[in-house]
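Visitor: Protein chains in written order, with this note's numbering: chain A, 1 to 218; chain B, 1001 to 1318.
No lab work stands behind these hints, which were simulated from the structure alone. Note that the structure is predicted; figures quoted are calculated from it, not measured. Honestly, I wouldn't trust all of these hints.
[As the list claims (entries may be wrong)] Listed next, the stretches of chain A that the computed footprint assigns to chain B, with coverage defined by at least 3 CB atoms under 8 Å from CB atoms of chain B:
id, region
1, 45 to 58
2, 159 to 166
[Unchecked claim] Result set (DMTMM-like, lysine to aspartate or glutamate): computed pairs, CA atoms no more than 25 Å apart in a straight line:
id, chain 1, residue 1, chain 2, residue 2
3, A, Lys104, B, Asp1052
4, B, Lys1218, A, Asp42
5, B, Lys1039, B, Asp1069
[Claimed, not checked] Across the chosen pairs, the derived CB separations fall in these ranges:
id, chain 1, residue 1, chain 2, residue 2, range
6, B, Glu1120, A, Glu97, 27 to 37 Å
7, B, Asp1031, A, Ser102, 45 to 55 Å
8, B, Val1258, A, Asp42, 33 to 43 Å
9, A, Phe40, B, Asp1031, 51 to 61 Å
10, A, Lys195, B, Gly1235, 43 to 53 Å
Ideal Cβ placement from N, Cα and C applies to all residues, glycine included.
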Amino acid sequence: MRKIRIFIILFAFVSLLLSSFVFFNAYIKTGHDNFQEITFDDENVVLLVNRSKDEIDSAYKKIGKKIFGWSTYYFNINSKAEYVGDTLMSRSNRTGEVLHFSYKLREEDFKTTSLKLSAGIDVKVTAQNSKKTLSGVINPSFGVNKTNSTSNTKEEITEFKIDLAPYTRVSLRISGDCYVTSGVSKYYLFGIQMKKGDWERIDVETMYYELYEEILER
Amino acid sequence: MRKRNIIFASLIGVAVLVFVLSIVLFSKGSDTYKLTTIKQAYNVLSLVNEKDEIVIPIYSNNKKCDFVDKKKVANCSITDTLEDNVFKLSLTDITSSGNVLKISGEEFYEYEYHFTFLGEYTEEVRSLIDKAYLKIELKEKEVRLCIGSLSYYKVLNYGDGINNLDLVCLKAIVNELDDEKTIVGVVMGLKNNSYDGLTISNINLLDVNLKASSGEIKIINEVPSSTDDISALLGYEYKVSGVAIDNALDISLDSYEVKYLLVPLKRVGDVYTNRFGLQIDYLINGKTMTYYLDDFLYFKANQNLKLEDFEIFTYENN
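Next comes chain A alone, as it looks inside the complex:
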């Protein structure tokens, strides 16, 4: 009985270790939820997640001092890129019968703006229209301490019915064009630096939906 107890405790401990290993290694390649891949038109531009610590540190040194407010150094402003988004829907039929199902896609399932902020800052970046230059640049927003936030305004719903053949999987994925802006910012109060952090914003320009079916092994 005692051996069984030890075995259970050991098993639980190993499981916990394994799960934390998986958890700490589960990261998003682009640093943004919903975006699996981002490829810039300009090969010299890279995502914030791919910038080295030295590069970010030297960017901080380039930020001009201010008496009050935010001061920013931009790595890139509205750089055009193509993205591959998440799979929005995936449905499998592992039965021998045709499966009839109805799928409703809400636009809120995929956010059109993604903001990645480092833990040190809490800011609102204004870059609504991708083709316009940044206005308002970076505005402090005290109170709520968000590290990542997303927003979306207009909603479009699509609903379709589909027959799924036996042992097949149907999925809906999304890709398109986007604009990426990133930089580092410092916040000054009476000329003293109070906060600093790096950030990146993605504004989605187009969303292309693709429905595709795969055969499952029996």
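Fit chain B to the known structure of chain A by using the hints.
Guide: Showing chain B alone in chain A's frame:
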């Protein structure tokens, strides 16, 4: 002293009258209001015994206009220009979405009008209105707004239920024409899911604004990117405007064979569209069968609305 009292009382009386009159005028709102719509492609595909609903956004510059009061609405319908085709509607609700549209600096508030189609059908219906009007009759006036287009299909069933034909891939080819992202083609993967051979005989897009140029359909080996140039994919200069080559199709699929088709589209209507269903007819064992996809959103882009697209009507407020 008495004279002074009379003057004082009169002044108070005039002030009260002005105050009351201003309250009355203020509560009544302005005497006129403006209405407009964003033209859209409204597409409906459903079974003959199904009830259809439609939501039409209408924009008003006056939150207190009689038009947004459901109790004042008597009759509603969607018609074509000459009112040869009339779809009677029942207004179920008017809701304010909170969205505001700015046209030439003026704010227009969005109201969503929720309707149910009133017609009852026992046979298949195919009604295409390229210029559709929403007619709303109030007790003292009538409002007629161009809402875009209506493609209305009622079918007996969505297919044979056996699933002989399967859609294994669907996506759009979107090119930029005159600074506007436009759907110029559809890529579809079709699979014969049966032991018998079948032949695709017709592909129809369920939107009055677009037509498949069936004579130019190309069988492709690789699925292209949505942003690939349609002319490069077809191998010749392709124009999305103009007349579709309307040849009968004869694309055969052997048992369990998959073929990918590039279907070039022709824009035949004026309304911008990014979502529509499909009808694919095929022959199997001497019988014609139909596959339907009721709705699919192919793409979405941040398009700027042009001022010339808006028709603004002014009405008296009652």
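Visitor: So if I understand the rule, the pair passes when the alpha-carbon distance is 25 Å or less; does Lys1218 (chain B) with Asp42 (chain A) pass?
Guide: Since the Cα atoms of Lys1218 (chain B) and Asp42 (chain A) sit roughly 33 Å apart, the hinted pair is violated (cutoff 25 Å).
Visitor: Straight-line Cα separation of Lys1039 (chain B) and Asp1069 (chain B) no greater than 25 Å?
Guide: holds (23 Å)
Visitor: Given the hint that Lys104 (chain A) pairs with Asp1052 (chain B), test it: the Cα-Cα distance must not exceed 25 Å.
Guide: holds (16 Å)
Visitor: Phe40 (chain A) and Asp1031 (chain B), beta-carbon distance inside 51 to 61 Å?
Guide: Since the Cβ atoms of Phe40 (chain A) and Asp1031 (chain B) sit about 55 Å apart, the hinted range of 51 to 61 Å holds.
Visitor: Can the region 45 to 58 of chain A be counted as covered by chain B under the rule of three residues or more with Cβ-Cβ separation shorter than 8 Å?
Guide: As far as the region 45 to 58 of chain A goes, the hint is violated, because 0 residues have Cβ atoms under 8 Å from chain B.
Visitor: Verify this for me: three or more residues of the region 159 to 166 of chain A with a beta carbon less than 8 Å from a beta carbon of chain B.
Guide: holds (count 6)
Visitor: Given a hinted range of 27 to 37 Å, is it respected by the beta-carbon distance of Glu1120 (chain B) and Glu97 (chain A)?
Guide: holds (33 Å)
Visitor: Is 33 to 43 Å a correct range for the gap between the Cβ atoms of Val1258 (chain B) and Asp42 (chain A)?
Guide: holds (38 Å)
Visitor: The hint says 45 to 55 Å between Asp1031 (chain B) and Ser102 (chain A); measuring C-beta to C-beta, is that right?
Guide: Taking Cβ atoms as reference, Asp1031 (chain B) and Ser102 (chain A) lie about 48 Å apart, which means the hint holds.
Visitor: Starting from the range 43 to 53 Å, see whether the pair Lys195 (chain A) and Gly1235 (chain B) falls in it by beta-carbon distance.
Guide: With a Cβ separation near 57 Å, Lys195 (chain A) and Gly1235 (chain B) fall outside 43 to 53 Å, so the hint is violated.
Checked against the numbered hints listed earlier, the structure breaks hints 1, 4 and 10; every other hint is satisfied.
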